Amino acid sequence: KQEVTQIPAALSVPEGENLVLNCSFTDSAIYNLQWFRQDPGKGLTSLLLIQSSQREQTSGRLNASLDKSSGRSTLYIAASQPGDSATYLCAVLRAGNNRKLIWGLGTSLAVNP
Amino acid sequence: DTGVSQDPRHKITKRGQNVTFRCDPISEHNRLYWYRQTLGQGPEFLTYFQNEAQLEKSRLLSDRFSAERPKGSFSTLEIQRTEQGDSAMYLCASSLVRGVADTQYFGPGTRLTVL
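Protein sequence lines correspond, in order, to chains A and B.
Basically our numbering = 1-based index in the first sequence + 334.
Basically our numbering = 1-based index in the second sequence + 430.
There's no promise every hint is true.
25 angstroms max Cα-Cα, derived BS3-like pairs, lysine-lysine [as the list claims (entries may be wrong)]:
1) K487/B - K335/A
2) K501/B - K487/B
3) K376/A - K444/B
4) K376/A - K441/B
To be clear about the criterion: a stretch of chain A counts as covered by chain B if any three or more of its residues have a C-beta under 8 angstroms from a C-beta of chain B, and this derived list gives those stretches [unchecked claim]:
5) 372-378
6) 404-416
Some chain B residues flagged as far from chain A (calculated, every beta-carbon gap over 12 angstroms) [as the list claims (entries may be wrong)]:
7) R452
8) E482
9) S488
10) S503
11) E513
12) D516
It is worth saying that the hints were derived from the structure and are not from the lab.
Computed from a predicted model, the values in this text were never measured in an experiment.
No residue lacks a Cβ here, since even glycine has one placed at the ideal position from N, Cα and C.
Model the full structure from these sequences, guided by the hints.
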């Protein structure tokens, strides 16, 4: 059974710091892994998607890596800003016919001015 | 087409009432998913459709829940006899499955509050 774990559960940093969010998954049979952002009471915004054959993806100040063999992904946020404050969720797309996303519980990030 | 849309965005209802949510996927996407997210938790899979066929239902989907996708386009999720435990964000996603490529695009969600 696929399980996704995110560490830490919560993180508070001063503005300008570089930070790393971690995601681990137990079954390497995945099609892809996605990082999402969720603001309080809002829906999900997809940040980065990494296909299982890829090692990393970058978008602006965000960089996500994937090590499928070890079941790990990291989301690196450079030069954090107060506007980055949100919950960051990691989800893996299970391989096979029934392609449902399996989610972590998220990391709640607060960037303090 | 600008993305997945959901209606309503917010719904407040009294316990015991029936509610229905609608999801309009991205045009020509053949798969449509429903997820539920409670406060402080990650989303949980409820069900999904391949065109108009409902292919999998989670055990979370009790007999009070029913979902349809009658013409393989929009989908509805109905909850009968709502309970306070049904209060959650209901998320819809769609994707176009081509081989291994499958990116799910999410709508803004419908937040349900059961009083």
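Now the hints, each set against the structure:
Of the supplied pair hints, the one linking K487/B and K335/A holds, its CA atoms being roughly 17 angstroms apart against a limit of 25 angstroms. With a CA separation close to 19 angstroms, the supplied pair K501/B and K487/B stays within the 25 angstroms bound. Straight-line distance between C-alpha atoms of K376/A and K444/B comes to about 22 angstroms, which keeps the hinted pair within the 25 angstroms bound. Proximity of K376/A to K441/B is assessed by CA-CA distance (about 14 angstroms); at most 25 angstroms being required, the pair is judged to hold.
Check result for the segment 372-378 of chain A against chain B: holds, 4 residues qualifying (beta carbon to beta carbon below 8 angstroms, three or more required). Only residues whose beta carbon comes within less than 8 angstroms of a beta carbon in chain B count, and the segment 404-416 of chain A has 0; fewer than three means the coverage is violated. With a cut of 12 angstroms on Cβ distances, R452/B stays outside the contact zone with chain A, its closest approach being about 15 angstroms. E482/B, annotated as away from the interface, keeps every beta carbon of chain A farther than 12 angstroms; the closest lies near 17 angstroms.
Taking the minimum C-beta to C-beta distance to chain A, about 8 angstroms, the non-interface status of S488/B is violated against the 12 angstroms cut. The non-interface label for S503/B is consistent with chain A: the shortest C-beta to C-beta separation is roughly 20 angstroms, beyond 12 angstroms. No Cβ of chain A approaches the Cβ of E513/B within 12 angstroms, the least distance being about 21 angstroms, so the stated non-interface status holds. The Cβ of D516/B lies farther than 12 angstroms from every Cβ of chain A, with a closest approach of about 17 angstroms, so its non-interface assignment holds.
Of the hints listed earlier, those the structure fails to meet are numbers 6, 9, in rising order.
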